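Student: Using the sequences plus the hints, can you model the full thing?
Residues per chain, in single letters:
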Amino acid sequence: MSSGLHFSKPFWVALSIVYFYCLFLMYAAFLILSGDLLDSYTEMKMVDAKKLTGVRLVVMVFVLIGYPVILSRFSKYAKCVTVALTAWATIMYIEDYFVLYGMIEYPEAKLIALVQSLRPVFILSLIWMCFELTFSPQPRD
Amino acid sequence: MFRKKNDNETAFLLHNTTDVQSIVNGRIVQSSTFRILLGFINLYILLGFVLYLLVKGNLIDGVNTDFLDQGYFSVLNIRSTVVLVFLMVMNISAYYNHGFKYLSLILFVYMLNSAIDTNILFSDFALTAERPYFSTFQLSRPLLLISLLWVAIVHKDTVKGT
Numbered sequence: 006m007s008s009g010l011h012f013s014k015p016f017w018v019a020l021s022i023v024y025f026y027c028l029f030l031m032y033a034a035f036l037i038l039s040g041d042l043l044d045s046y047t048e049m050k051m052v053d054a055k056k057l058t059g060v061r062l063v064v065m066v067f068v069l070i071g072y073p074v075i076l077s078r079f080s081k082y083a084k085c086v087t088v089a090l091t092a093w094a095t096i097m098y099i100e101d102y103f104v105l106y107g108m109i110e111y112p113e114a115k116l117i118a119l120v121q122s123l124r125p126v127f128i129l130s131l132i133w134m135c136f137e138l139t140f141s142p143q144p145r146d
Numbered sequence: 025m026f027r028k029k030n031d032n033e034t035a036f037l038l039h040n041t042t043d044v045q046s047i048v049n050g051r052i053v054q055s056s057t058f059r060i061l062l063g064f065i066n067l068y069i070l071l072g073f074v075l076y077l078l079v080k081g082n083l084i085d086g087v088n089t090d091f092l093d094q095g096y097f098s099v100l101n102i103r104s105t106v107v108l109v110f111l112m113v114m115n116i117s118a119y120y121n122h123g124f125k126y127l128s129l130i131l132f133v134y135m136l137n138s139a140i141d142t143n144i145l146f147s148d149f150a151l152t153a154e155r156p157y158f159s160t161f162q163l164s165r166p167l168l169l170i171s172l173l174w175v176a177i178v179h180k181d182t183v184k185g186t
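Here the protein sequences come in this chain order: A and B.
Counting in my numbering, the first sequence tops out at residue 146, every number present.
Counting in my numbering, the second sequence tops out at residue 186, every number present.
None of these hints come from the bench; they were simulated from the model.
No experiment lies behind these values; they were computed from the predicted model shown.
Errors might be hidden in some of the hints.
DEER-style ranges, computed between Cβ atoms [as the list claims (entries may be wrong)]: (1) A:G71 x B:V178: 17 to 27 Å; (2) B:L167 x A:I99: 17 to 27 Å; (3) A:L38 x B:T57: 36 to 46 Å; (4) A:F25 x B:S164: 33 to 43 Å; (5) A:F136 x B:S164: 32 to 42 Å; (6) B:K80 x A:S21: 39 to 49 Å; (7) B:T160 x A:R78: 34 to 44 Å; (8) B:S56 x A:V18: 44 to 54 Å; (9) B:I140 x A:C85: 17 to 27 Å; (10) B:S56 x A:I99: 30 to 40 Å; (11) A:F35 x B:P156: 36 to 46 Å.
To give a feel for the contact side, a few chain A residues facing chain B, derived at Cβ under 10 Å [to be verified]: (12) K56; (13) A89; (14) M97.
For lysine-lysine, the following DSS-like pairs were computed, each having C-alpha atoms within a straight-line distance of at most 30 Å [as the list claims (entries may be wrong)]: (15) B:K180 x A:K81; (16) B:K180 x A:K84; (17) A:K84 x B:K125; (18) A:K14 x B:K125; (19) A:K84 x A:K14; (20) A:K115 x A:K56; (21) B:K125 x A:K81; (22) B:K125 x B:K180; (23) B:K80 x A:K56.
Even glycine gets a Cβ: it sits at the ideal position worked out from N, Cα and C.
Tutor: Okay, structure coming up:
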């Protein structure tokens, strides 16, 4: 099983950043869903933000559980899965800022501001992982 | 008088001839499944863009377009342009046979994400009777997603044996 996990230190650092960020994001999403951070928002915007966060949270939980399995047991497909996840994270980031900015608003709490400001670091870590998986020779290749 | 060539020289000449032919005529021939799927993807996205232009120009009669004022039009505006640009890039990559699998995978993720967002944010507007064109596009979105995955699977990056 461990024969497929021969990656460089920067890859593990990037993977750790991604996992820490996702866990932090899950905590923030949980606060949004529980309604602790939502106070002065219109009902429509609050409902939309909650719905979207709920769906993204469910997908994220599945990905966080499934990704180590793919990385260790199905390393042949790890590159494609990582590219798809990076694309998904980047698309969500761009869409939130340029497409959905008029419709959904997230709470103005400091925790959410921190989550938003750390988002580029998360995407850069994912991009680093993509490069590593694409250009570094893997033992199983 | 020509000297008789030995086996090594003949093999060298044949090898080089094959190389020249592969550079000149070396375009990888994709399967007919690939061509049909790529044609379907092009048609679907182009029809979507035409629909967007018709709505933008108020050229569709008899369709309730009130929901466009509630933010849907700005979303449609950006997404249809982005998808059209993406389609062009994907066609170029298919022509040059470089990075096509990744591009189709990224477009698949983009379309999936936009379908989820639209279903969450505009679920109240999904009335088939009032907006048959948009609803048809929304309902047939899984076909496009399957085609994008399928086209990535059947695409040939390299010729076997090279």
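Student: Can the hint on A89 (chain A) be confirmed by a CB-to-CB distance to chain B that is less than 10 Å?
Tutor: Holds - the Cβ of A89 (chain A) comes within 10 Å of chain B, reaching about 5 Å at its closest.
Student: Does the interface hint hold: is K56 (chain A) within less than 10 Å of chain B, judged Cβ to Cβ?
Tutor: 5 Å, holds
Student: Sort out whether K56 (chain A) lies within 30 Å of K115 (chain A), counting only the CA atoms.
Tutor: 21 Å, holds
Student: Is the distance from the Cβ of F136 (chain A) to the Cβ of S164 (chain B) consistent with 32 to 42 Å?
Tutor: 36 Å, holds
Student: Taking 30 to 40 Å as the hint, is the beta-carbon distance of S56 (chain B) and I99 (chain A) inside that range?
Tutor: 36 Å, holds
Student: Just tell me: holds or violated, for the beta carbon distance of G71 (chain A) and V178 (chain B) against 17 to 27 Å?
Tutor: About 25 Å separates the Cβ atoms of G71 (chain A) and V178 (chain B), which means 17 to 27 Å holds.
Student: Starting from the range 17 to 27 Å, see whether the pair L167 (chain B) and I99 (chain A) falls in it by beta-carbon distance.
Tutor: The hint (17 to 27 Å, Cβ to Cβ) holds, given that L167 (chain B) and I99 (chain A) are roughly 25 Å apart.
Student: Please verify whether K125 (chain B) and K180 (chain B) have alpha carbons no more than 30 Å apart.
Tutor: 9 Å, holds
Student: Could you check the hint for me, namely that T160 (chain B) and R78 (chain A) are 34 to 44 Å apart, CB to CB?
Tutor: Holds, at about 41 Å.
Student: Confirm or reject the claim that S56 (chain B) and V18 (chain A) have a C-beta distance inside 44 to 54 Å.
Tutor: With Cβ atoms ~46 Å apart, the hint holds.
Student: With a cut-off of 30 Å on the C-alpha distance, tell me whether K180 (chain B) and K81 (chain A) pass.
Tutor: 17 Å, holds
Student: Just to be sure I understand the hint, the distance between the Cβ atoms of K80 (chain B) and S21 (chain A) should be within 39 to 49 Å; is that true here?
Tutor: Cβ of K80 (chain B) to Cβ of S21 (chain A): about 47 Å, so the range 39 to 49 Å holds.
Of the hints listed earlier, there is not a single one the structure fails to meet.
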